[in-house]
Amino acid sequence: MNLAKKLLHTRYRVNDLERTVKFYRDLLGLEEVRRHKSPRGSELVFLKTPGSEELIEITYFPGSGPVQVQPDLTHLAFEVESLEEFGKHLAAHGLKYSDGPTTSSSGTTFAFIDAPEGYEIELIQRAK
444 MNLAKKLLHT
454 RYRVNDLERT
464 VKFYRDLLGL
474 EEVRRHKSPR
484 GSELVFLKTP
494 GSEELIEITY
504 FPGSGPVQVQ
514 PDLTHLAFEV
524 ESLEEFGKHL
534 AAHGLKYSDG
544 PTTSSSGTTF
554 AFIDAPEGYE
564 IELIQRAK
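Count along the sequence shown from 1, then add 443; that gives the number in this note's numbering.
Since the hints were made in silico from the structure, they are not lab data.
Glycine included, C-beta positions come from ideal geometry on N, C-alpha and C.
A portion of the hints provided could be inaccurate.
Distance windows between CB atoms, simulated [unchecked claim]:
id	residue 1	residue 2	range
1	567	448	40 to 48 Å
2	472	517	16 to 24 Å
3	461	519	15 to 23 Å
4	483	527	19 to 27 Å
5	445	548	18 to 26 Å
6	545	445	39 to 47 Å
Each computed EDC-like pair below joins lysine to aspartate or glutamate, with the alpha-carbon atoms no more than 20 Å apart [stated by the list, open to error]:
id	residue 1	residue 2
7	571	496
8	448	459
9	449	515
10	491	565
11	491	563
12	465	563
13	571	557
14	465	486
15	539	475
16	491	542
17	491	459
18	448	528
19	539	500
20	571	522
21	571	486
22	531	475
23	531	515
24	531	565
25	491	522
26	531	557
27	449	528
28	539	524
29	539	522
30	539	527
31	448	524
32	480	515
33	448	515
34	491	515
35	571	515
36	539	557
37	448	500
38	491	461
39	465	557
40	465	497
Given only the sequences and the hints, what does the whole structure look like? Please build it.
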């Protein structure tokens with residue numbers, strides 16, 4: 444029996460492809476791996492973090508209507524070295540955390556930012 448071997452990518456559909464790609468590239472440091480147009484006309488951009496194999500697929504497909512992200516529906520989580528330093532990086536871009544930082548009982552600290560379209564991004568600083 445063949446079972447799923449590995450997670451390859453996660454897809455988020457967006458209203459503004461370039462604004463979203465810029466957010467993930469400039470704010471989170473993701474690298475654009477490839478970009479193309481699908482046979483059905485959607486524009487696809489694949490991004491990845493330096494330390495992961497899994498890709499994030501950002502898709503613009505106006506034929507599906509406007510994207511309306513329901514609050515607290517889904518999020519992506521990224522590990523960061525320091526939430527304090529990342530907060531300074533956000534401030535330099537005119538942004539701030541939408542929630543947190545909050546430290547759990549295990550000593551791990553997490554915070555959230557809002558990506559374009561309303562998708563939520565969780566940032567995690569592991570306990571030392």
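Given the hinted pair residue 491 and residue 515, is their alpha-carbon gap at most 20 Å? The hint is violated at about 23 Å.
Assess, step by step, whether the Cα of residue 491 is no farther than 20 Å from the Cα of residue 522, and give holds or violated. Status holds; Cα separation ~13 Å.
So if I understand the rule, the pair passes when the alpha-carbon distance is 20 Å or less; does residue 531 with residue 515 pass? violated (25 Å)
20 Å limit on alpha-carbon distance, applied to hinted pair residue 539 and residue 500: The given pair, whose Cα atoms are some 25 Å apart, is violated under the 20 Å limit.
Regarding the pair residue 491 and residue 542, is the alpha-carbon distance no greater than 20 Å? Roughly 24 Å between the alpha carbons, so the hint for residue 491 and residue 542 is violated.
With the threshold set at 20 Å, check whether the alpha-carbon distance from residue 539 to residue 524 stays at or below it. holds (17 Å)
Does residue 527 sit within 20 Å of residue 539, going by the straight-line distance between their CA atoms? holds (11 Å)
Taking the beta carbons of residue 461 and residue 519, is their distance inside 15 to 23 Å? Between residue 461 and residue 519, where Cβ atoms are some 19 Å apart, the hint holds.
Residue 449 and residue 515: Cα distance at most 20 Å? violated (26 Å)
Is residue 571 close enough to residue 515, meaning Cα to Cα at most 20 Å? violated (28 Å)
Hint consistency between residue 491 and residue 461 [alpha-carbon to alpha-carbon, up to 20 Å]: Since the Cα atoms of residue 491 and residue 461 sit roughly 16 Å apart, the hinted pair holds (cutoff 20 Å).
Go ahead and decide if the range 19 to 27 Å is satisfied by the Cβ distance of residue 483 to residue 527. At 44 Å between Cβs, range violated.
In summary, the structure is inconsistent with hints 1, 4, 5, 7, 8, 9, 13, 15, 16, 18, 19, 21, 22, 23, 27, 31, 32, 33, 34, 35 from the numbered list given earlier, while agreeing with the others.
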